[in-house]
Amino acid sequence: MGSIRFDKVDKVFGPNTGGVKVLDNINLEIGEREFVAIVGPSGCGKTTCLRMAAGFEAPSAGLVSVSGRPVTAPGPDRAVVFQQFALFPWKTVRQNIELGLRNKKLPTGERADLVAGALKLMNLEGHAEAFPHQLSGGMQQRVAIARAYVLDPEVLLMDEPFGALDAQTRVVMQEELVRLARVNPRTVLFITHAVEEAVYLADRVAVMTRRPCRIKEVLDIRKIRQAENWDKHARIEDVMDLESFVHLRTQIWKSLREEKVANVV
Amino acid sequence: MLGRRGWIGLGTIAALLVLWFVLTTATGWVSAARFPSPAEFWASLWQVSVRGYAGGQLLTHALHSLKLVAMGFAVAIITGVPLGLWMGWSRKAEAAINPVFLIIRPIPPLAWIPLAILWLGLGDAAKIMVIWFSAFVPSVINSFAGVRNIDRPLIEAARMLGTPHGRLVTEVIAPAASPMIFTGLRLSLQAAWTTLVAAELVGALVGIGFILNMAQQDLYPGMILVGMVVVGLLGWATTWLLGLAEKRALAWNVAARD
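Line order of the protein sequences matches chains A and B.
Per the numbering used here, the very first residue in the first sequence carries number 1; after that it's consecutive.
Per the numbering used here, the very first residue in the second sequence carries number 1; after that it's consecutive.
Hints may contain errors.
[As the list claims (entries may be wrong)] Once the Cα atoms are required to be at most 25 Å apart in a straight line, the calculated DMTMM-like pairs of lysine to aspartate or glutamate come out as:
| id | chain 1 | residue 1 | chain 2 | residue 2 |
| --- | --- | --- | --- | --- |
| 1 | A | Lys105 | B | Glu40 |
| 2 | A | Lys104 | B | Glu171 |
| 3 | A | Lys105 | B | Glu171 |
| 4 | A | Lys223 | A | Asp166 |
| 5 | A | Lys104 | B | Glu156 |
| 6 | A | Lys91 | B | Glu156 |
| 7 | A | Lys120 | A | Asp152 |
No wet-lab data here; the hints were simulated from the structure.
Computed from a predicted structure; not experimentally measured.
Please model the complete structure; the sequences and the hints are all you need to start from.
Here is the structure:
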């Protein structure tokens, strides 16, 4: 299992044409099997952080490394779950999940077992031969998560994965993700603009400022979650009613709000 | 079987046939020297189908034209689609090839006929070359646009999954671009038929264009109309076949759009 490290990372878009600095001196370390969420106002560089960890973009300065190795290109050791699912519409659910395993050149029998396991994990049994367009948005995102999990990656990079889902489906998926994280903890970098989602899911929450974005503070959620025993509540709404949850949510909310006011003034 | 819109279309065709009969036969407003009557058309069709005209029967002419179109079209696909995909994928390839392409593209395919005849003579090879050139352009442009319009996350997902280069092309880029590729193929097929007739008008000893050419010299309006109608029907039939292939290949896409 891997770790992620952002070390004095800057990102400038269009450096040849004046340049817009979107990330300013980002320092963040995500330990093994730790779930870290980055929240921030939209348009801040939070997705850019994830894209650099994935290897889709390179930092302008500083270093992004995963498990101690500098990131140079995308690869199956860093599985990405995209906001718009990014499933291959001409492939069935099974073929979508299997592609990464074929790329790893695993033998057929082993692939079939792993795909079956991933389908079961995400409650997708019975949909293996369906095409993505035949599934609801929530189901499609389950496929995308299965496609990422089946790779057994060092780290999981989730870019507002529930942002395109309706409210009800979103809640179900959040609960599901918590279940997965408790059963089989992974190293996760999770991007969202929804404060409640971040507090509910993450071990730590990093709050980002507006452009040029810096990490303003990092809150330790895990300590409070364990102390207040959130996990005994199966339903998200029960957790969200707890005083400790409300307190954390308000704290982050205020932090983000100060940001906006400061910028307007 | 036939939908409401299908019946409307058939109605239009029937009305045109009636109008044709009225103008030429019933009233004689259009003289037979300018446009054939249905009876003359039928007699010409019978003549070329059974006894033959311009050195052969209709089937011989039609098959020959069909063969030229199929070969020119096939060569255009084999060369044009990969080139378009490559230009779409690689900015360097685009930078290298596009300027040449932009200059060659406005040259009408028919302008290549003299050169083609000079190089390859009056035989089939020159015609195939000209058909190829005309069908080549839409295939390249649409394949190119197909790649450029692929959703970026789809490519990123494939790369994140560690997809090797060859598989990226065959299993991601080509299928993602295929709706546009098929649009290009349909335009290419149309261009192929247009060019075929022109090429056969210039120099041929067999083919639909040759029928048209001979009928013009013979002042034979009935046979001219036969040639035109046969080209129309062949073009329609091949387009329909291509549509079937498209429906099969893009089942995932057709269903996704519904």
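Report task. Starting from Lys104(A), check that the Cα of Glu156(B) is at most 25 Å away, please. Result -> Given that 25 Å is the threshold and the Cα spacing comes to 17 Å, the pair holds.
Requested in this report: Mind checking the alpha carbons of Lys104(A) and Glu171(B) for me, to see if they're no more than 25 Å apart?
Outcome: Holds - the C-alpha atoms of Glu171(B) and Lys104(A) are around 16 Å apart, at most 25 Å.
Query raised in the report: Between Lys91(A) and Glu156(B), is the straight-line Cα distance small enough, at 25 Å or below?
Result: holds, 16 Å
**Report entry** 25 Å limit on alpha-carbon distance, applied to hinted pair Lys105(A) and Glu40(B)
**Finding:** Given that 25 Å is the threshold and the Cα spacing comes to 69 Å, the pair is violated.
Query raised in the report: Taking 25 Å as the top limit, are the C-alpha atoms of Lys105(A) and Glu171(B) close enough?
Result: holds, 16 Å
Query raised in the report: Does the alpha-carbon distance linking Lys120(A) and Asp152(A) stay inside the 25 Å limit?
Result: holds, 15 Å
Query raised in the report: Is Lys223(A) close enough to Asp166(A), meaning Cα to Cα at most 25 Å?
Result: violated, 30 Å
Of the hints listed earlier, those the structure fails to meet are numbers 1 and 4, in rising order.
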